[in-house]
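Peer 1: The listed protein sequences correspond, in order, to chains A and B. Number 43 in full-length UniProt numbering belongs to position 43 of the first sequence; there are no gaps in the numbering. Number 254 in full-length UniProt numbering belongs to position 254 of the second sequence; there are no gaps in the numbering.
Simulated from the structure, these hints should not be mistaken for laboratory data. Treat each hint with caution, since some may be false.
The list cannot tell twin chains apart, which means a pair is met if one copy fits it or any two copies do.
Stated by the list, open to error - With a straight-line cut-off of 25 Å between C-alpha atoms, the simulated DMTMM-like cross-links for lysine to aspartate or glutamate are:
#1 Lys104 x Asp36
#2 Lys26 x Asp146
#3 Lys104 x Glu136
#4 Lys197 x Glu129
#5 Lys197 x Glu103
#6 Lys197 x Glu270
#7 Lys104 x Glu39
#8 Lys197 x Asp169
#9 Lys197 x Glu231
#10 Lys104 x Glu270
#11 Lys26 x Asp249
#12 Lys197 x Glu165
#13 Lys197 x Asp253
#14 Lys104 x Asp284
#15 Lys104 x Asp30
#16 Lys197 x Glu96
Number of protein chains: 2
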Amino acid sequence: MPTIAYLGPPGSFSEAAALKVPLPDKTLVDYPTIPDVLEAADLGHTTFAIIPIENAIEGSVNLAMDWLIHEVRLMIFAEIVLPIAHGLYVAPPQRETPFPQIEKIFSHGQAIAQSFRFLRRTFPHAQVEPTLSTSEALRLVAENPDRPWAALGHRRGAERYGLVERIRDVQDSPNNATRFLLVGHTPPAGLPPSERKKTTLLVTLGRDFPGALSQVLHCFSWRAINLSRIESRPTKRRLGSYVFYIDIDRGVDDVLIPAAMEELRALGHEVRFLGSYPVYEVDDD
Amino acid sequence: MPTIAYLGPPGSFSEAAALKVPLPDKTLVDYPTIPDVLEAADLGHTTFAIIPIENAIEGSVNLAMDWLIHEVRLMIFAEIVLPIAHGLYVAPPQRETPFPQIEKIFSHGQAIAQSFRFLRRTFPHAQVEPTLSTSEALRLVAENPDRPWAALGHRRGAERYGLVERIRDVQDSPNNATRFLLVGHTPPAGLPPSERKKTTLLVTLGRDFPGALSQVLHCFSWRAINLSRIESRPTKRRLGSYVFYIDIDRGVDDVLIPAAMEELRALGHEVRFLGSYPVYEVDDD
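Make a model of the complete structure from these sequences and hints.
Peer 2: Here it is, written out as structure tokens:
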């Protein structure tokens with residue numbers, strides 16, 4: 001049975017995404033940091049790892065991307081797009097505590113930032129305290145049921161701690177979703193077909209000259225290969241030297257994408273193929 | 001006297017960068033989160049704010065960029081490039097404790113990740129515990145001088161807490177630097193001249209078609225305007241819709257950059273000018 005490493009503790013959004021990987025049998029294993037998660041799969045302690053790659057709540061997504069690019073040699077096998085909704089949760093004795101009497105609200109700094117306007121409007125006088133994860137915020141509130149405290153977090157996590165939902169969907173932006181990547185060394189068997197596919201490449205410019213990036217992009221655009229995302233990340237060689245993380249909005253083909261890759265290499269750029277994979281947009285239920 | 005908002009607590013890398021802003025008189029004010037820092041300057045509670053924008057240690061740089069783009073209307077007045085070095089610090093009674101007897105090492109998750117290999121090699125058996133900031137890790141160690149604990153953090157912060165340096169420069173990558181931006185509503189008087197200048201633009205594609213980004217970049221490249229960095233950030237309208245954060249490696253001129261901006265607007269793209277500003281590479285002493 002395949003195992004999937006994820007960023008714990010249990011009750012995190014990463015666990016919610018891992019549960020949604022469309023493989024019938026799987027065992028989840030939690031790790032404390034994103035480097036640990038990726039290394040687990042790289043060293044073969046788990047079959048796969050799942051990491052947040054864009055707009056995640058816990059941990060740094062920059063960190064996930066840097067480790068994927070520089071520290072491990074894993075391929076991407078699937079993308080999971082998970083809607084992210086924070087709720088406001090209290091311990092059962094506080095189920096009727098009026099909002100002005102809530103003294104403290106705990107959550108991860110990213111969840112607090114994503115709900116900044118809500119908190120200021122609804123709890124102008126509460127003390128907002130950051131925790132290391134949304135799960136830890138929920139745990140703190142659950143362990144102090146007699147205090148007028150609340151936590152922002154994920155519904156499934158709150159249920160696990162026996163908390164009561166006071167408000168659903170407190171985040172300021174209505175379209176809050178996080179992209180997760182399933183990565184590993186050996187492709188999983190039995191992934192179902194998907195409507196959307198993506199291909200991801202890493203391109204490092206051979207030398208920096210005006211128009212180098214434009215040259216790279218033109219190589220795709222005249223072939224009508226649409227890039228759905230481009231992100232520059234430091235190469236770690238020096239500040240201001242970049243590797244380009246490029247998402248193409250379709251699966252790899254036999255002719256056009258390989259030709260673009262080959263020509264970029266002939267022009268002196270480094271090109272690394274990270275995978276061609278299905279995209280699953282899932283519900284968070 | 002101008003005031004500068006920064007991400008606290010005191011002893012953070014953001015404070016080190018704020019101290020390096022080349023203005024003779026300034027008062028620093030610490031705030032608990034990056035949204036708070038930016039809002040302080042946007043609402044006029046402080047004259048300026050300083051935020052980490054790339055490869056920072058504390059907090060999420062994605063968060064800094066998203067707030068700069070979407071939530072405030074501030075201009076960039078300067079960039080400060082600060083070398084980031086983590087040291088390993090202990091309380092005075094532990095100044096000779098052999099490394100194998102160090103039981104716990106505390107630090108912010110980003111500093112831990114940047115020193116992951118060092119920690120595994122030098123302290124394979126120590127328990128590594130994340131804290132909300134490097135300053136908090138230093139404080140924890142200072143408040144428990146009789147325990148065999150250590151913290152990764154910034155030298156000036158460690159001095160403030162009376163800690164002893166056991167190892168300098170523990171980060172895995174030798175070229176670790178963080179870019180900070182000084183932002184505000186009104187340009188500061190008396191910034192010294194600098195060798196390097198930069199110009200920053202935000203471009204939002206009018207509509208998404210294959211080659212749209214290539215069109216935008218070509219508009220700069222044929223004019224020999226070199227882009228030193230391009231980063232795509234979600235527009236927050238929907239996942240997969242992006243605004244491009246573009247750094248040009250020189251100051252704005254009277255002809256070429258304005259013409260490029262005007263033509264991009266005529267082609268239906270949104271262009272926002274974030275500033276043309278000096279870059280200061282400073283020492284962390």
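Peer 1: Against this structure, judge whether each hint is valid.
Peer 2: Here is what the structure says about each hint:
1. Within a single copy, lysine 104 and aspartate 36 get their C-alpha atoms only as close as 32 Å, which misses the 25 Å cut-off; across copies the closest is 18 Å, which meets it.
2. Within a single copy, lysine 26 and aspartate 146 get their C-alpha atoms no closer than 38 Å, and across copies no closer than 45 Å, so neither meets the 25 Å cut-off.
3. In this assembly of identical chains, the alpha carbons of lysine 104 and glutamate 136 lie at most 25 Å apart whether taken from the same copy (14 Å) or from different copies (20 Å).
4. In this assembly of identical chains, the alpha carbons of lysine 197 and glutamate 129 never lie at most 25 Å apart, being 40 Å within a copy and 39 Å across copies at closest.
5. In this homomeric assembly, lysine 197 and glutamate 103 never come within 25 Å of each other (Cα to Cα): the closest approach is 47 Å inside a single copy and 47 Å across copies.
6. Taking the closest pair of Cα atoms, lysine 197 and glutamate 270 come within 25 Å of each other only inside a single copy of the chain (24 Å); across copies the shortest separation is 29 Å, beyond that limit.
7. When the C-alpha separation of lysine 104 and glutamate 39 is checked against a cutoff of 25 Å, the pair qualifies only between copies, where the shortest distance is 22 Å, while the shortest distance within a copy is 37 Å.
8. Within a single copy, lysine 197 and aspartate 169 get their C-alpha atoms no closer than 29 Å, and across copies no closer than 43 Å, so neither meets the 25 Å cut-off.
9. Proximity of lysine 197 to glutamate 231 under the C-alpha cut-off of 25 Å is found in both arrangements, the shortest distances being 19 Å within a copy and 23 Å between copies.
10. In this homomeric assembly, lysine 104 and glutamate 270 never come within 25 Å of each other (Cα to Cα): the closest approach is 51 Å inside a single copy and 41 Å across copies.
11. Proximity of lysine 26 and aspartate 249 under a CA criterion of 25 Å is satisfied in neither setting, with 28 Å inside one chain copy and 49 Å between copies.
12. In the homo-oligomer, the alpha carbons of lysine 197 and glutamate 165 never lie at most 25 Å apart, since the shortest distance is 36 Å inside one protomer and 51 Å across protomers.
13. In this homomeric assembly, lysine 197 and aspartate 253 come within 25 Å of each other (Cα to Cα) only inside a single copy, at 11 Å, whereas the closest approach across copies is 43 Å.
14. Neither within a single protomer nor between protomers do lysine 104 and aspartate 284 lie at most 25 Å apart by alpha-carbon distance, with minima of 27 Å and 37 Å respectively.
15. Proximity of lysine 104 to aspartate 30 under the C-alpha cut-off of 25 Å is restricted to the inter-copy arrangement: shortest distance 21 Å between copies versus 28 Å within a copy.
16. Taking the shortest alpha-carbon separations for lysine 197 and glutamate 96, neither the intra-copy value of 47 Å nor the inter-copy value of 57 Å comes in at or below 25 Å.
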